[in-house]
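Chemist: Residue numbers (the numbering used here), protein chains in the order written: chain G, 1 to 66; chain C, 1 to 185.
Treat the hints with care, since some could be wrong.
[To be verified] Across the chosen pairs, the derived CB separations fall in these ranges: (1) G/Val58 with C/Ser78: 24 to 30 Å; (2) G/Val38 with C/Pro46: 33 to 39 Å; (3) C/Ala39 with G/Phe57: 14 to 20 Å; (4) C/Gln67 with G/Ala45: 52 to 58 Å; (5) G/Pro17 with C/Leu27: 30 to 36 Å.
Hints listed in this document are in silico derivations from the structure and should not be mistaken for laboratory results. In this text the structure is predicted, and so the values were computed from the model without any measurement. For every residue, glycine included, the Cβ atom is placed at its ideal position computed from N, Cα and C.
Here is what each chain is made of, one letter per residue.
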Amino acid sequence: MPDRETTTKASADFEAPDGITESDLGRVMRIVPLGAGVLAGGTVALIVLGWLIIYLFVFLPRGTVG
Amino acid sequence: MTQTHPELSERRILATELLWSVGVAVLVIAIIAMVLVTALTMGVNPPSNVERIDPKTLHLSGEFAEQNLGTMVGSDGSVTARVIATQFMFVPRCIQVPEGRKVTLRMTSPDVIHGILVTGTNVNTMVIPGYVAQVHTVFMRTGDLLMPCHEYCGLGHSEMYAVVQVVPQNEFKPDSNGRPVCAKR
Numbered sequence: 001m002p003d004r005e006t007t008t009k010a011s012a013d014f015e016a017p018d019g020i021t022e023s024d025l026g027r028v029m030r031i032v033p034l035g036a037g038v039l040a041g042g043t044v045a046l047i048v049l050g051w052l053i054i055y056l057f058v059f060l061p062r063g064t065v066g
Numbered sequence: 001m002t003q004t005h006p007e008l009s010e011r012r013i014l015a016t017e018l019l020w021s022v023g024v025a026v027l028v029i030a031i032i033a034m035v036l037v038t039a040l041t042m043g044v045n046p047p048s049n050v051e052r053i054d055p056k057t058l059h060l061s062g063e064f065a066e067q068n069l070g071t072m073v074g075s076d077g078s079v080t081a082r083v084i085a086t087q088f089m090f091v092p093r094c095i096q097v098p099e100g101r102k103v104t105l106r107m108t109s110p111d112v113i114h115g116i117l118v119t120g121t122n123v124n125t126m127v128i129p130g131y132v133a134q135v136h137t138v139f140m141r142t143g144d145l146l147m148p149c150h151e152y153c154g155l156g157h158s159e160m161y162a163v164v165q166v167v168p169q170n171e172f173k174p175d176s177n178g179r180p181v182c183a184k185r
């Protein structure tokens, strides 16, 4: 269990001014969701592209079946 | 920090989620549409024949009696290959089929569950005792294609395989009974 002094110091560190302004935060938060979207979209696009390549160039040329 | 950024508002999050959902829905619909179109126009479907047969008597009479096994060309020109999958062999071990022509594979098992695939093709089905597995296909390239059992059926499973000999149309010459024989390689 942390002693009282450590807890107080940690809280003080958390609350300490870090020099980040509201406009800085706003600018970053406009970019971060875009990056997440690009990463997720790119990943899904790669998976779909892989499926498409295998479906069109491996599966279908192997002939009809049913 | 008490001020809420507009970028963090629930409305913005909802719009992003909706955009993502629409994008994924479009992809899923496009993939399903592509699968459906190829299924309807090119005949690419999972084999779905449901046909019962008595596994205890299939060797005595009927289409899986010994004299009917192997490839047979019907009077209408249809090519049907009948094979029994049993521990631990296929009977017959080689079937000859023509390239570029519709072929029907019919298989059954008298003992345990087996499975087959023909390498380099989409032919892939289970062979279950009591049922007739049927696959329609067109072989697009010539050669000796390996057809192994792909469902573990016992200690000899790894030795259980057959060969599908695909020959050009002009080399596919069934005898007067409509029975082609595998060429010696």
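Chemist: Mind listing which of the numbered hints don't hold for this structure, in increasing order?
Modeler: Hint check: 5 fails alone, others pass.
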